[in-house]
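Chemist: Here is how the chains run, residue by residue.
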Amino acid sequence: MKKSWSTALSVAALALVAAPVFGNVASVQAAGPKSGDAALSGVGYANTNGASGWPAAGVEPQTASGTSVAGIGFVAGDLTLNQVPVFDFGVHNIGSSETFSMQPVDSAFRPQKLSGNPITADTKANAGVRALVVTDSRAQMTQTAGYQVILQFSPLQSAKVNDSGQFLDAKGSATTDPTKFTYNTGTDNKPVTMSGASLQFSSASVNPSTDWNAFIGDSLDFGDKAAIYPAIYTNSGKSGPVPAGSMYTTQTRLAAKDAPAAVGTSIDEGKAQVIYRANMKTGFGTWAYDFTAPSSVTMKIPSANQQTGTWVSQLTWVLVDDPTQDHANPIISQLEQ
Amino acid sequence: MTSARSNNTRLLTVFTILSVLFMIGWWQETDVSIVRADESDIGFRVNPVIPTNQEEKNASWFRLNLKSGDTQPLQMNVTNTLKKDITMKCVPTVAVTNPIGQVLYNQMTPKRDDTLQMDFTKIGPRPFTFKIPAGKTMVVTQVIKVPKTNFNGAVFGGFVFYSNDVNAAHQQSASSSKRGVSMFNQYQIVVATVLNINKAAEVTPDLRIDRVTPMAYRGNPAVTAQFHNTKPAVIEGQQMSFNARVYYRGGKKVLFRNVTNQMNFAPNSTIDYVISWGNTRMQPGNYTLRTKVTTGGAGPSWNLVKNFTITGNQADKLNKGTKRADYSWLIIFLIIAGLMLVAILIAWVYRAGKRSSVKNAGH
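Each protein sequence line maps, in turn, to chains A and B.
For reference, each letter of the first sequence is one residue, going 0 to 336 in numbering that gives the first Met the number 0.
For reference, each letter of the second sequence is one residue, going 0 to 362 in numbering that gives the first Met the number 0.
Heads up, a few of these hints could be off.
[To be verified] Derived lysine to any residue pairs resembling SDA-like cross-links, with alpha carbons at most 25 Å apart:
no., chain 1, residue 1, chain 2, residue 2
1, A, Lys170, B, Ala168
2, B, Lys316, B, Tyr246
3, A, Lys189, B, Met107
4, A, Lys270, B, Pro98
5, B, Lys110, A, Gly269
6, B, Lys88, A, Val148
7, A, Lys159, B, Ala167
8, B, Lys319, A, Met193
9, A, Lys224, A, Val148
10, B, Lys110, A, Thr315
11, A, Lys189, B, Met214
12, A, Lys159, A, Gly185
13, A, Lys256, B, Gln238
14, B, Lys88, A, Thr181
15, B, Lys82, A, Thr178
16, B, Lys319, A, Ser197
17, B, Lys291, B, Tyr246
18, A, Lys189, B, Gln106
19, B, Lys316, A, Pro154
20, B, Lys144, B, Ala58
21, A, Lys299, B, Val258
22, B, Lys144, B, Thr108
23, A, Lys189, B, Thr212
24, B, Lys319, A, Ala303
25, B, Lys56, B, Gly123
26, A, Lys299, B, Pro98
27, A, Lys280, B, Gly295
28, A, Lys299, A, Val128
29, B, Lys88, B, Pro72
30, B, Lys56, A, Ala138
31, B, Lys88, A, Thr315
32, B, Lys230, B, Asp113
33, B, Lys319, A, Asn92
34, B, Lys66, B, Asn195
35, A, Lys189, B, Asp271
36, B, Lys319, A, Ser194
37, B, Lys198, B, Leu65
[Unchecked claim] A few chain B positions that, by computed beta-carbon distances, are all more than 12 Å from chain A:
no., residue
38, Asp112
39, Gln116
40, Arg207
Worth flagging that the hints you see were computed from the coordinates, not collected in a lab.
Glycine included, every Cβ here is placed at the ideal spot set by N, Cα and C.
Please construct the entire structure, taking both the sequences and the accompanying hints into account.
Modeler: Spelled out as structure tokens, the structure:
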């Protein structure tokens, strides 16, 4: 009798000890395995009541439970914002123009086509540096749900700078951290802004055929427009090891019909709107929305609104999937004047 | 014997089919045309964990049918892909609509629509801050608690994830010291959320024009009309079209027009719709805005009318930036000059005629 009580107590104690561990296991299973994981990465939790935690060493969820991947299997990946472009519209004399193109991109930062002899499994073509790059690997090709990228263009504010043009923080010291910039204020104590600015996006070229290498190699600056192409691809028909975290490819399988869409549009200062959208069944893999061409995006500021000084705006890039969109429809509406 | 041969043939056929299938499978295996970046991303990723009671299993948003008093936890996996610890923020928002009819879920403003009955940020979701160690994934849980209510309708909101650490890291590398215009990038990943409360399907949208206000648009005179969806019901599927026309009050000639298609309208939100005068100078006076709003097929439509007045002061202020010069004084001068010329001509002809008749009478 004593022995059975002891056994029962032991079981109860074990259950109590194990309870928190299995409490975390639920979170682990929710997170699921990721491609490239050796097993399961540790998964913590954070709740709105301020509680957060991390499994202690030795009781990490992957040692307690988890989904093992035997042999070979494919798991749903992520929707990932890989890269966004930096727009630099340069310095201009006031009133010299109302439309400003971006600075040219150095050759080293342009899109890189496949090159080298022989082309090996590791040879890859890459997107240009001034490009928006998004990866969608949540579902298999032709099964993707789509996504959209919204750009929010905050008003241009007059920043405080020293004689050398360096931004100043609240203590009057030079800083390169935009979160510490200080701004000139008007008589109403509000930041001085330059109104009427807008960003104009050219329509984007998408390769009508499937030879992306020729598209990137021969279409320097894509006719001075934006362009859309697979951000990474390798040579057609090549085989070889799969680089960690990526899957091998040919250059011929992702066609223009698989590409996300972008149309020429414009965003007024202080506003946010969709600039790039993958509709249902498109956008699978990694695609670049390339702004290498100086006129792919221009800034318009009416002459009457232009003021001397140093002006700062923040561009917020928002990756979201909007349930109200009809993802089968590839056209983005545009404001008429 | 025949049966055995037949069986062999069938086996051969099955084998051939299997071989072909295997070959197709093998070809697909070795010729996968997938391009996926193995480069790092902006620094974090967010993936919603779709609840078992959600119908759209493949969605990357939450859309749930809930009832009065229901509690619904929502989980999102947040991964730090950097090699350093970062602090993340999760901010719930209420969905709004931008001027061209796109629903935005990332506007972190305390301003709320005056017709909003159920605020997404007041029924459980809360803003909070958390740290993620390098390379780790955390499960963020937000809990929806529908109050005991008779409310029927759709509640639209979102969870905005961002990290000042990530923003700062990118901005440091991109910033420079120079005069002119500098633009700095910030990053947000947003999980859209739709809650259909009680009998939400029975609620239909209703539109009105709140006001029409003169304003400057890209340096030109314009008006902005505030269209208002006053009901907790969405217009979705990019089926909505605006056809807005400005008339002189009582007039039939369309002076200015703006047409936009493929729009959506979030519940209890407004669209600030711009009708630009372009390079035309704005004249003070009484005007009427007429707008035909359609939502496609058998969907509802509205013919909305709003009178508005532009004062002389408003017109003067907005015309300052107009590129087209004000020729009105020149026109007045030319008219007066023309009238004077005509008067002189008439007088000259009259006097000449009189002289001629006097001469003729003398003969």
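Chemist: Now look at each hint and say whether the structure bears it out.
Modeler: Verification of the hints:
1. A:Lys170 x B:Ala168: OK: Lys170 of chain A and Ala168 of chain B at ~22 Å, within 25 Å.
2. B:Lys316 x B:Tyr246: Between Lys316 of chain B and Tyr246 of chain B the Cα gap is close to 21 Å, so the pair holds against 25 Å.
3. A:Lys189 x B:Met107: holds, 20 Å
4. A:Lys270 x B:Pro98: OK: Lys270 of chain A and Pro98 of chain B at ~8 Å, within 25 Å.
5. B:Lys110 x A:Gly269: holds, 15 Å
6. B:Lys88 x A:Val148: Cα-Cα ~20 Å, so holds.
7. A:Lys159 x B:Ala167: The given pair, whose Cα atoms are some 19 Å apart, holds under the 25 Å limit.
8. B:Lys319 x A:Met193: This hinted pair holds, its Cα atoms lying about 16 Å apart.
9. A:Lys224 x A:Val148: holds, 19 Å
10. B:Lys110 x A:Thr315: holds, 20 Å
11. A:Lys189 x B:Met214: Holds, because 20 Å separates the two Cα atoms, which is no more than 25 Å.
12. A:Lys159 x A:Gly185: Between Lys159 of chain A and Gly185 of chain A the Cα gap is close to 13 Å, so the pair holds against 25 Å.
13. A:Lys256 x B:Gln238: holds, 23 Å
14. B:Lys88 x A:Thr181: Since the Cα atoms of Lys88 of chain B and Thr181 of chain A sit roughly 23 Å apart, the hinted pair holds (cutoff 25 Å).
15. B:Lys82 x A:Thr178: holds, 22 Å
16. B:Lys319 x A:Ser197: holds, 19 Å
17. B:Lys291 x B:Tyr246: Roughly 14 Å between the alpha carbons, so the hint for Lys291 of chain B and Tyr246 of chain B holds.
18. A:Lys189 x B:Gln106: Judged against 25 Å, a Cα distance of about 21 Å means the pair holds.
19. B:Lys316 x A:Pro154: Distance of about 21 Å is within 25 Å: holds.
20. B:Lys144 x B:Ala58: Judged against 25 Å, a Cα distance of about 22 Å means the pair holds.
21. A:Lys299 x B:Val258: holds, 22 Å
22. B:Lys144 x B:Thr108: holds, 22 Å
23. A:Lys189 x B:Thr212: Distance ~23 Å between Lys189 of chain A and Thr212 of chain B Cα, so the pair holds.
24. B:Lys319 x A:Ala303: OK: Lys319 of chain B and Ala303 of chain A at ~8 Å, within 25 Å.
25. B:Lys56 x B:Gly123: holds, 23 Å
26. A:Lys299 x B:Pro98: holds, 19 Å
27. A:Lys280 x B:Gly295: holds, 24 Å
28. A:Lys299 x A:Val128: Holds, at roughly 23 Å.
29. B:Lys88 x B:Pro72: holds, 18 Å
30. B:Lys56 x A:Ala138: holds, 12 Å
31. B:Lys88 x A:Thr315: holds, 15 Å
32. B:Lys230 x B:Asp113: holds, 11 Å
33. B:Lys319 x A:Asn92: Holds - the C-alpha atoms of Asn92 of chain A and Lys319 of chain B are around 21 Å apart, at most 25 Å.
34. B:Lys66 x B:Asn195: The hint holds at about 8 Å.
35. A:Lys189 x B:Asp271: holds, 23 Å
36. B:Lys319 x A:Ser194: holds, 14 Å
37. B:Lys198 x B:Leu65: The hint holds at about 9 Å.
38. Asp112: Consistent with the label, Asp112 of chain B stays out of reach of chain A, its closest Cβ about 17 Å off (over 12 Å).
39. Gln116: holds, 19 Å
40. Arg207: Since the minimum Cβ distance to chain A is about 20 Å, Arg207 of chain B lies beyond 12 Å and the statement holds.
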